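Trainee: Spelled out, the chains give:
2 protein chains.
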Amino acid sequence: MAAGLSAAQLTERHRATLDKALEAIRTRAYWSPHPEYPKAYGDGSGLGPAEGKAAFDALLGTRFELDQPGTDTWAGGEVSPYGIDLGIQYPHPDIDVLLPAMRAAIPAWREAGAEQRALACMEILARINARTHEFAHAVMHTSGQAFTMAFQAGGPHAQDRGLEAVAYAYAEQTRVPDSAQWIKPQGKRDPLRLRTTFTAVPRGVALLIGCNTFPTWNGFSGLFASLATGNPVLVKPHPRAVLPLALTVRIAREVLAEAGFDPNLVCLAAELPGEGIAKTLAVRPEIRIIDYTGSSAFGEWLEANAQQAQVFTEKAGVNTVVVDSTDDYRGMLSNLAFALSLYSGQMCTTPQNLLIPRDGITTDAGHKSYDEVVADLAAAIQGLLGEDARANALLGALVNPGVRERLENASSLGSVALASRQVTHPEFPDAIVRTPALVTLDGGKPEAEAAFLSECFGPVSFAVAVDSTEQAIALLRRTLREKGAMTVGAYTTSPDVERAAEEVCQEEFAQLSLNLTDGVYINQTAAFADFHGTGGNPAANSTLCDGAFVASRFRMVEVRRPA
Amino acid sequence: MAAGLSAAQLTERHRATLDKALEAIRTRAYWSPHPEYPKAYGDGSGLGPAEGKAAFDALLGTRFELDQPGTDTWAGGEVSPYGIDLGIQYPHPDIDVLLPAMRAAIPAWREAGAEQRALACMEILARINARTHEFAHAVMHTSGQAFTMAFQAGGPHAQDRGLEAVAYAYAEQTRVPDSAQWIKPQGKRDPLRLRTTFTAVPRGVALLIGCNTFPTWNGFSGLFASLATGNPVLVKPHPRAVLPLALTVRIAREVLAEAGFDPNLVCLAAELPGEGIAKTLAVRPEIRIIDYTGSSAFGEWLEANAQQAQVFTEKAGVNTVVVDSTDDYRGMLSNLAFALSLYSGQMCTTPQNLLIPRDGITTDAGHKSYDEVVADLAAAIQGLLGEDARANALLGALVNPGVRERLENASSLGSVALASRQVTHPEFPDAIVRTPALVTLDGGKPEAEAAFLSECFGPVSFAVAVDSTEQAIALLRRTLREKGAMTVGAYTTSPDVERAAEEVCQEEFAQLSLNLTDGVYINQTAAFADFHGTGGNPAANSTLCDGAFVASRFRMVEVRRPA
Chain X
1 MAAGLSAAQL TERHRATLDK ALEAIRTRAY WSPHPEYPKA YGDGSGLGPA
51 EGKAAFDALL GTRFELDQPG TDTWAGGEVS PYGIDLGIQY PHPDIDVLLP
101 AMRAAIPAWR EAGAEQRALA CMEILARINA RTHEFAHAVM HTSGQAFTMA
151 FQAGGPHAQD RGLEAVAYAY AEQTRVPDSA QWIKPQGKRD PLRLRTTFTA
201 VPRGVALLIG CNTFPTWNGF SGLFASLATG NPVLVKPHPR AVLPLALTVR
251 IAREVLAEAG FDPNLVCLAA ELPGEGIAKT LAVRPEIRII DYTGSSAFGE
301 WLEANAQQAQ VFTEKAGVNT VVVDSTDDYR GMLSNLAFAL SLYSGQMCTT
351 PQNLLIPRDG ITTDAGHKSY DEVVADLAAA IQGLLGEDAR ANALLGALVN
401 PGVRERLENA SSLGSVALAS RQVTHPEFPD AIVRTPALVT LDGGKPEAEA
451 AFLSECFGPV SFAVAVDSTE QAIALLRRTL REKGAMTVGA YTTSPDVERA
501 AEEVCQEEFA QLSLNLTDGV YINQTAAFAD FHGTGGNPAA NSTLCDGAFV
551 ASRFRMVEVR RPA
Chain U
1 MAAGLSAAQL TERHRATLDK ALEAIRTRAY WSPHPEYPKA YGDGSGLGPA
51 EGKAAFDALL GTRFELDQPG TDTWAGGEVS PYGIDLGIQY PHPDIDVLLP
101 AMRAAIPAWR EAGAEQRALA CMEILARINA RTHEFAHAVM HTSGQAFTMA
151 FQAGGPHAQD RGLEAVAYAY AEQTRVPDSA QWIKPQGKRD PLRLRTTFTA
201 VPRGVALLIG CNTFPTWNGF SGLFASLATG NPVLVKPHPR AVLPLALTVR
251 IAREVLAEAG FDPNLVCLAA ELPGEGIAKT LAVRPEIRII DYTGSSAFGE
301 WLEANAQQAQ VFTEKAGVNT VVVDSTDDYR GMLSNLAFAL SLYSGQMCTT
351 PQNLLIPRDG ITTDAGHKSY DEVVADLAAA IQGLLGEDAR ANALLGALVN
401 PGVRERLENA SSLGSVALAS RQVTHPEFPD AIVRTPALVT LDGGKPEAEA
451 AFLSECFGPV SFAVAVDSTE QAIALLRRTL REKGAMTVGA YTTSPDVERA
501 AEEVCQEEFA QLSLNLTDGV YINQTAAFAD FHGTGGNPAA NSTLCDGAFV
551 ASRFRMVEVR RPA
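For the record, the sequence lines run as chains X and U. The letter at position 560 of the first sequence is residue 560 when you use this note's numbering, and the numbering goes up by one with no holes. The letter at position 326 of the second sequence is residue 326 when you use this note's numbering, and the numbering goes up by one with no holes.
Quick caveat, the hints were computed from the structure, so don't treat them as lab data. For clarity, every value in this text was computed on a predicted model and none was experimentally measured. Cβ coordinates follow ideal geometry from the N, Cα and C atoms, glycine included. Any given hint could turn out to be false.
What the hints assert, rightly or not - Quick look at which bits of chain X chain U covers, simulated, 3 or more residues with Cβ under 8 Å:
{"id": "1", "segment": "126-136"}
{"id": "2", "segment": "531-539"}
As the list claims (entries may be wrong) - Dumping the calculated DSBU-like pairs for lysine-lysine here, alpha-carbon to alpha-carbon at most 35 Å:
{"id": "3", "chain 1": "U", "residue 1": "39", "chain 2": "X", "residue 2": "20"}
{"id": "4", "chain 1": "U", "residue 1": "184", "chain 2": "X", "residue 2": "188"}
{"id": "5", "chain 1": "U", "residue 1": "188", "chain 2": "X", "residue 2": "20"}
{"id": "6", "chain 1": "X", "residue 1": "39", "chain 2": "U", "residue 2": "445"}
{"id": "7", "chain 1": "U", "residue 1": "445", "chain 2": "X", "residue 2": "184"}
{"id": "8", "chain 1": "U", "residue 1": "53", "chain 2": "U", "residue 2": "39"}
{"id": "9", "chain 1": "X", "residue 1": "188", "chain 2": "U", "residue 2": "53"}
{"id": "10", "chain 1": "U", "residue 1": "39", "chain 2": "U", "residue 2": "20"}
{"id": "11", "chain 1": "U", "residue 1": "184", "chain 2": "X", "residue 2": "53"}
{"id": "12", "chain 1": "X", "residue 1": "53", "chain 2": "U", "residue 2": "39"}
{"id": "13", "chain 1": "U", "residue 1": "188", "chain 2": "X", "residue 2": "39"}
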């Protein structure tokens, strides 16, 4: 254990950054304290590339000790989508021992107050940041993301989301002062006087249920929102993606102990094959907050059954792009090609349905028929992914066999405009790397609806032929209402269509990206600036990150006395 | 219809007050723009006493026209607890007509933006304030409150809670700017540039389910929180307390129409006898927010079944006072006597259980045995209510036959230390006016638990003998955990006991008043300064008013474009 970490040291290290984060969530300007280029790390600033790789390699085939109470056995079994057996064993909890130990950690953490909690969280994030190269390998070999994406999305971008949650939590808890004088005039009599203290009190133990594809990016908001508002956090990773969150738990425990807090404020719940520990934990009375990313079926089960908890979910959706017209046809095609290819479409924000009028669209390159748009998009994807090196760098590997099955089934859903191809990975020959498939469907045919009105998670997109842009807008509305979406896009040069798309997205609660043709993609959101989802459509009941995401994680308890 | 009300006029009238409200919810200092003395009204500043009375009298025996769509019949039947048959008929809705009309009002109200919505809400509140004398009679003759209390709690204090909700709603919606520039550096390349707009989008139609005892005070927070965040509000009053909320709806509709908005943003749903319209409305898909004050049974039903809505409830609880020791015995007794007597204990904040050590307590007037404390408290209540005029001014009338039955049953629960007495009301001889009963129970006896661990709403309090203050604290914890409470009090000169009470209230989420002996009572909370409930124990799932009370009533929708 390193020397103790004082409140003054934490303030010195992080208070100025917290203030910048608080400003960024107000202005929504671009800001990040976490460099996103691999070369920014090393030479005294965290682990460099070789050190990060070595740290990752040293974890393989080991027991991942956490020294948390109530470990009754060891669980593991992660196999990298790139073909490596990680061979790491994690502590499996006896929850009747672990949960009481976590609850016992609450009082001192509550009494530390919002600022000290925020600063300790920021120290955790800073140490995670310093080990971004190590995390990149851990994310890559659990999610199948290509290295650069695992580095950026699993590293600085995830850390940004964590810090954003810390800033929201701090802001929310400090909306009232620690104490106040209340003096009410009584005419000629003496005024009434009270001294009131306000304490942010955590709900209880929080449960984070992690996902396979973005263990850190989708996990850090909930983890840090709960921890910064005073709640211990039990981290239940996806069984295929334990390592990134186990590293997170270990670093959190180290920092908490150094700062004089109980390390059991953050614990890991690895699970045995088929155990379904999340379902058991979710309805335990100690669990008062749940953050979940995953399937709609389990998310809806949590919302309906974990009534003792505040439940924040991100579930499946059907992301849609309305293609009406463009003044930059090439830009549109290349932007969409990239958006569909990135991480083989395995993002909750990847567009699935491209709604294209069957009579074609107006562009700066002349009128383009439906078939031409589809063919040109297919060509753009082929061009983007023509070289294997570039394809591997963009696509990564398929995260699990389910994605592969859906991809192989895609040709049965409609006409294949672009078939998926297998890409060989020079370093990892066992990796399943596939380019996206583009399938055409007729939006007017009821039998096609079953395909395009379900989430087909992975590298499959549908070019849906519609009668008109008006019909596209109507189908967008229906999709949002019935299935939800994390992202909506539209390409149009018409102010009327733009306005119609905005109206539908406002009325059905979806985040809209208009006419992206450059280096910003529909599937990317930036912490501090962008909300991830709205929490208002069926794809998610919460957004990363707003006041509602943090405000109910604690309650304000008031004590008043005569002054 | 009066001349139109422009945005500039609304700004001129209310923007400065909004800023003061925003400051007050931050500082928690005493503040109110609504005078609480009856003489402050009249002579050009709203309706004076005689005008208010006349306005109320003119409503009796009439049809209360609201000109809202879908009225299929008329409903009424309010009888004042003071014995007057109000004889007022209210529009009963065909909800299949009314709800779509309310939904149609959303877009223009959404587009008005947070500030114009806040200012229009403040104009509604200002007009309600000007008619405080009229509202006082309406609240008095539906709740049974005495005039002064109906005037203050039903008037300025309720208006304060409404304004507090408007301030929170405005603050929450303006945490992000209307639009932002996002410029991300790209090294030597041009930066990425986006222009993003943010729109607060209302959830849908909000349902306010009003209560019998405090139709305005308990109703205004939810009503104005929903309206200020862009949601139309359907007001479903308690069938015995329609008039105060019907007046509110009428004034809201007038202001909205004058300001150029659709008056159907606020509508009334009066119900036929036994109809149970709240249950029907609560699960309608159009209803996306519910605010409820009332029984635990229906509150829990709403929380479990209205899954399509954000549900905010205030239910039953068992308010408790720990009596350990005091350095102002007379002050304690007179403060408690007043707290138990006010509105005949028919407040959700009235103390029910007084936990008193059976070996007695230390006071500035020497040691007092359990029996002495009980007898002295009984005497203090008798002294306070000895004169009928004063008793009538404090007690008001019993709100409904259920309260009277519970009171009459109280003597069967334990030993009666102070029997309730009937007070004659000179002006309203049919009013049922009763002083509170004080019943002693043995906290160690399981058969007594059934009495003191249930809410006995009305003028019945229990002096519960406990073995020690330690046992009192343990019983307080159990009561909070199992039954919840809106208020907790403690009297002690011991820092250790004070700390123990604070800890229990923090861990079990209760608002604590310590050593109140002067003119502040445990059952009174002040808007802008005090939270009403915590939302963390079984008595309520929300508090008036915090960020969580407003943040999920809207969702932020973002549109981003290349800049």
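Trainee: Now tell me if each hint is right for this structure.
Mentor: Do the hints match the structure? See the list:
Judged by the Cβ-Cβ criterion of 8 Å, the segment 126-136 of chain X is not covered by chain U as claimed, because only 0 of its residues qualify and three are needed. Check result for the segment 531-539 of chain X against chain U: holds, 4 residues qualifying (beta carbon to beta carbon below 8 Å, three or more required). For the proposed pair residue 39 of chain U and residue 20 of chain X, the alpha carbon gap of about 50 Å is over 35 Å, so the pair is violated. The straight-line distance between the Cα atoms of residue 184 of chain U and residue 188 of chain X is roughly 61 Å, outside the 35 Å bound, and the hint therefore fails.
At roughly 25 Å between alpha-carbon atoms, residue 188 of chain U and residue 20 of chain X fall within 35 Å of each other, so this suggested pair holds. Between residue 39 of chain X and residue 445 of chain U, the direct Cα distance comes to roughly 72 Å. Violation of the 35 Å bound is thereby established for this hinted pair. Under the criterion of a C-alpha separation no larger than 35 Å, the hint pairing residue 445 of chain U with residue 184 of chain X is inconsistent with the structure, at around 43 Å. Only pairs whose Cα atoms come within 35 Å are accepted, and residue 53 of chain U paired with residue 39 of chain U is accepted, the gap being roughly 14 Å.
The suggested pairing of residue 188 of chain X with residue 53 of chain U holds, with an alpha-carbon distance near 29 Å, which does not exceed 35 Å. This hinted pair checks out: residue 39 of chain U and residue 20 of chain U have alpha carbons roughly 24 Å apart, not beyond 35 Å. Under the criterion of a C-alpha separation no larger than 35 Å, the hint pairing residue 184 of chain U with residue 53 of chain X is consistent with the structure, at around 29 Å. For a cut-off of 35 Å, the pair hint linking residue 53 of chain X to residue 39 of chain U is broken: about 78 Å separates their Cα positions.
Restraint check for residue 188 of chain U and residue 39 of chain X: the C-alpha separation of about 16 Å stays at or below 35 Å, so the hint holds.
The structure fails hints 1, 3, 4, 6, 7 and 12 (numbered hints given earlier, in ascending order).
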